[in-house]
Amino acid sequence: MKVPLAWRILTYDKRRTALALIGIFMAILLVFVELGFFYAVPRGGLLLYDNMRFDLLLVSDQYEYQAQPGVFPLDRLDRLRSSAEVQQATPIYFGYAKWKGGEGGVWPDVFVIGSDPASHAFIPDSIDQQLGVLAKSDTLLVDSATRPIFGALDAGRVVEIGDRNMTIGGQYVLGTGFMGLGVVLVSVPNFAGLFEDRGASAVNLGAIVLKPGVNPDRAAADLRQASGPGTRIFTRKELDAHETAYWTTRTSVGIIFGSGLLISFVVGIMIVYQIVSTQVGRQLPQFATLKAIGYPDRSLVTTVGAMSLLIVIAGFIPALAAALGLYAIIRDQTLLPVTMSETRLFAVFGAALGMALVSALLSVGGLRRADPADVF
Amino acid sequence: MPLAWRNLVANKPRLFRSAAGIGFAVLLMLMQLGFEQAFFDSSLNVIRGLDGDILIQSVHKYQFATRDPFPRTILDAAAKLPGIASVRPLYADWFDFFWKNPFDGKVFLVRAFGFDPDRPVFSFPKVDENRKKLKDADTVLIDRQARRFLGMDRNPAEAELNGTKVRVAGNFTLGPDFQSDGTVIMSDRTFTSLLRGPGGNPSEVDLGVIKVSPGVDATAVGEALRNALPNTVAVFTKPQLIEFERKFQADVSSAGPIFAMGTIVGFVVGMLISYQVTYTDLSDQLPQYATLKAIGYRAGYLLRVVLEQAGFNALVGWVPAWVLSIVLYYVIGRLALLPLRMSAYLTLTSLGLTLGMCLISAVLAVKRVIQADPAEVF
Chain A
1 MKVPLAWRIL TYDKRRTALA LIGIFMAILL VFVELGFFYA VPRGGLLLYD
51 NMRFDLLLVS DQYEYQAQPG VFPLDRLDRL RSSAEVQQAT PIYFGYAKWK
101 GGEGGVWPDV FVIGSDPASH AFIPDSIDQQ LGVLAKSDTL LVDSATRPIF
151 GALDAGRVVE IGDRNMTIGG QYVLGTGFMG LGVVLVSVPN FAGLFEDRGA
201 SAVNLGAIVL KPGVNPDRAA ADLRQASGPG TRIFTRKELD AHETAYWTTR
251 TSVGIIFGSG LLISFVVGIM IVYQIVSTQV GRQLPQFATL KAIGYPDRSL
301 VTTVGAMSLL IVIAGFIPAL AAALGLYAII RDQTLLPVTM SETRLFAVFG
351 AALGMALVSA LLSVGGLRRA DPADVF
Chain B
1001 MPLAWRNLVA NKPRLFRSAA GIGFAVLLML MQLGFEQAFF DSSLNVIRGL
1051 DGDILIQSVH KYQFATRDPF PRTILDAAAK LPGIASVRPL YADWFDFFWK
1101 NPFDGKVFLV RAFGFDPDRP VFSFPKVDEN RKKLKDADTV LIDRQARRFL
1151 GMDRNPAEAE LNGTKVRVAG NFTLGPDFQS DGTVIMSDRT FTSLLRGPGG
1201 NPSEVDLGVI KVSPGVDATA VGEALRNALP NTVAVFTKPQ LIEFERKFQA
1251 DVSSAGPIFA MGTIVGFVVG MLISYQVTYT DLSDQLPQYA TLKAIGYRAG
1301 YLLRVVLEQA GFNALVGWVP AWVLSIVLYY VIGRLALLPL RMSAYLTLTS
1351 LGLTLGMCLI SAVLAVKRVI QADPAEVF
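Which chain is which? The protein sequence lines are A and B, in order.
Residues in the first sequence are numbered from 1 upward in steps of one, following my numbering.
Residues in the second sequence are numbered from 1001 upward in steps of one, following my numbering.
Some hints could be false.
As the list claims (entries may be wrong) - Partial list, derived from the structure: chain A residues whose beta carbon lies under 8 Å from chain B: (1) M26; (2) L30; (3) V33; (4) Q62; (5) I256; (6) G260; (7) M270; (8) I271; (9) Q274; (10) T278; (11) T334.
What the hints assert, rightly or not - As a list, the in silico BS3-like pairs of lysine-lysine whose alpha-carbon atoms are at most 25 Å apart: (12) A:K98 with B:K1247; (13) B:K1080 with B:K1133; (14) B:K1238 with B:K1080; (15) A:K100 with B:K1247; (16) A:K14 with B:K1367; (17) B:K1211 with B:K1126; (18) B:K1211 with B:K1080; (19) B:K1106 with A:K237; (20) B:K1126 with B:K1238; (21) A:K211 with A:K237; (22) B:K1165 with B:K1126; (23) B:K1165 with B:K1135.
For the record, the hints were derived by calculation from the structure and aren't laboratory data.
Bear in mind the structure is a predicted one, so any value in this text is a computation, not a measurement.
Cβ atoms here follow ideal geometry from the backbone N, Cα and C, with glycine treated the same way.
Produce the entire structure from the sequences given, and follow the hints as far as they go.
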């Protein structure tokens, strides 16, 4: 009888229940939005790696994070290529150059990624389909998320980059992450042409693909011995942890979104408590009557618990839908990879149910004391 | 004592609950607004610290934090114009100076500025105090507010910059922004000697810092400079350059929309909480309101009481949130090295938003009171 009773209490005053639902809806939405931001920053920092093919990453021991990786000599990577565990080892080059064709005559800095097109180092289909274009001399592919300040990004446009005229061969879809406002992809000879002082012997990243069936952890241990001093090897898992730690501890974004998240949790708890306690408080005379006619406390507590759970479940579903919609808008507006994960979805759901139960138990304290004689 | 106030304090636990609910929504808005202000301030503070009325930079320069040098001879031409008291060059770089933390040997990219120690360009007091010391070769001033992993806050006497040993002659307080973790200031000579390759060309400067003669209008001088100088450079008054940078940051960074979204969500949440509060209050006090109506009070009076009460609710939530946010600004500002501080703008904006959300929700909830029929309530 508890659940049907809870249901009937909720449907009795529809307006008040709707109000409670909107409250819960907003509380959950708020938590989702802050969570989305909190996780989006490290995800944005990992965007390039998430779109690259490798099992192990060889970097300089000066490696800070993706956009400040340091350099190591190419022969370190060549050494590993001959290892029995390694299928492919691809050097990746990074550089910043002036894009001398921005809107209104400005020269924005562009992040240039150099790699051998034949290595298939990047996952997006839009890159794979244009490898022929990429291999042409003085040609580049530009990331479709490159900002409007760079001017038109149409294929065929010739832009002076650094001291070289480069032709836009096409666009690819990957995202600029925290690499800069604009990102372009070029072949190794084109990269060496753009950065003449540097050439192709100073490498930023070595993307290592292992032979099928090779355990990455074991291979990493073996290759660390072979790669020589001044370098470092990351497995995927280690790299994920390193980049996430960088963005959450080294920059202020972790604290900014972390504190936002914390406050949103508190606000969420306040709302749920406020709503549940109001709902219970309003039914006090009715509950007292039930008590007077002999219902035990336990049965009333279960009713209150069922009531709060019903509200939270009913508020959660639209909040989830709205959060997904809002994430899409935020992705569009900020180019941050704000996404929903199953873990977060269930964590928020669990937290909301937990909050509701705790608030129900707190507000039921008043109910236990409810003396039928007092209420009337 | 107004009726609204007595209504408010009649039930203390309820007052506490509603103040806490509204207060946290306000706190959420204050944090978001504060972060937004701090984001912009952190990137604008360095421009604000330039001791000049007019600033000249390459016409291609799209944001402050990028190197785009122009010939120094242009500054010599500018100095000849009437109404100009001084023209001083600033060398600046964001991509090529690597600082080695003297405590752990790790190397990090830092922002670097160079100027002639006899012709200072910064108005940071400690920079001015120590500038003569920069005349010695390979001597630098460092930012004690730089991110801790650089080790600049630990008063090192020596460090390495681009592989060259440098002596630390003093420090100043600026803080990082969202592009640079720390700042090193040195003489123009040290700057160009530490930058190898074409970057270290002393005849190319990044910024011209101009002071106009006393009593001369900077905007007019700026206009004259614009006409006199080649169109490869852009001339800004200091407020114009600050505005240019603010606009750039607002256009390209995600900070604006992110913090605006947070503020809006806080506002809506606050509105809901306050609606809930007002609606519950009104439901509880419906008999009293109906009585007032029955004995002849008009709807206008009742509306005023409800709105006053909503206003009090807003204040009771806002005041503790405002105080708490000052504490949080201080703590988070220290932790995140952000220029988070309470300002008149934040105070007024948050107060306006709080009153707005409480009054709007009161108007939405008040219908019930106005329509209350004394005969029905009892």
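For each hint, the structure was consulted:
1. At about 5 Å, the closest approach between the beta carbon of M26 (chain A) and any beta carbon in chain B falls short of 8 Å, and the interface hint on this residue holds.
2. Taken as an interface hint, L30 (chain A) checks out: its beta carbon lies about 5 Å from the nearest beta carbon of chain B, inside 8 Å.
3. The interface hint given for V33 (chain A) holds, since its Cβ lies 6 Å from the closest Cβ of chain B, which is under the 8 Å cut-off.
4. Hint status for Q62 (chain A): holds, given a least beta-carbon distance of 5 Å to chain B, under 8 Å.
5. For I256 (chain A), the interface hint holds, the least distance from its beta-carbon to any beta-carbon of chain B being 5 Å, beneath 8 Å.
6. Checking G260 (chain A) against chain B: minimum C-beta separation of about 6 Å stays under 8 Å; hint holds.
7. With a least beta-carbon distance of about 5 Å to chain B, the hint placing M270 (chain A) at the interface is held under the 8 Å criterion.
8. Look at I271 (chain A): its Cβ gets to within about 6 Å of chain B, closer than 8 Å, so that hint holds up.
9. Interface restraint check: Q274 (chain A) against chain B, minimum CB-CB distance 5 Å, threshold 8 Å, status holds.
10. Interface hint at T278 (chain A): satisfied, since its Cβ lies 5 Å from the closest Cβ of chain B, which is below the 8 Å cut-off.
11. Given the 8 Å rule on beta carbons, the hint for T334 (chain A) holds: about 3 Å separates it from the nearest Cβ of chain B.
12. The straight-line distance between the Cα atoms of K98 (chain A) and K1247 (chain B) is roughly 21 Å, inside the 25 Å bound, and the hint therefore holds.
13. Among the hinted pairs, K1080 (chain B) with K1133 (chain B) is inconsistent with the structure: their alpha-carbon atoms are about 30 Å apart, more than 25 Å.
14. Annotation: proposed proximity of K1238 (chain B) to K1080 (chain B) holds, straight-line Cα distance about 20 Å (limit 25 Å).
15. Simply put, K100 (chain A) and K1247 (chain B) have alpha-carbon atoms about 21 Å apart, close enough for the 25 Å limit, and the pair holds.
16. Proposed proximity of K14 (chain A) and K1367 (chain B) is supported: the alpha carbons are some 17 Å apart, at most 25 Å.
17. Our distance criterion of 25 Å between C-alpha atoms is met by K1211 (chain B) and K1126 (chain B), whose separation comes to about 20 Å.
18. Note on K1211 (chain B) and K1080 (chain B): the hinted pairing holds, with a Cα-Cα distance of about 13 Å set against a maximum of 25 Å.
19. For a cut-off of 25 Å, the pair hint linking K1106 (chain B) to K237 (chain A) stands: about 23 Å separates their Cα positions.
20. A C-alpha spacing of about 21 Å is found between K1126 (chain B) and K1238 (chain B), which places the hinted pair at or below 25 Å, so the restraint holds.
21. A hinted pair counts as satisfied when its Cα atoms are at most 25 Å apart, and K211 (chain A) with K237 (chain A) qualifies at roughly 18 Å.
22. For the hint linking K1165 (chain B) to K1126 (chain B), the alpha-carbon distance of about 22 Å falls within 25 Å, and the restraint holds.
23. In summary, the hint linking K1165 (chain B) to K1135 (chain B) is supported, as the alpha carbons are separated by about 16 Å, within the 25 Å threshold.
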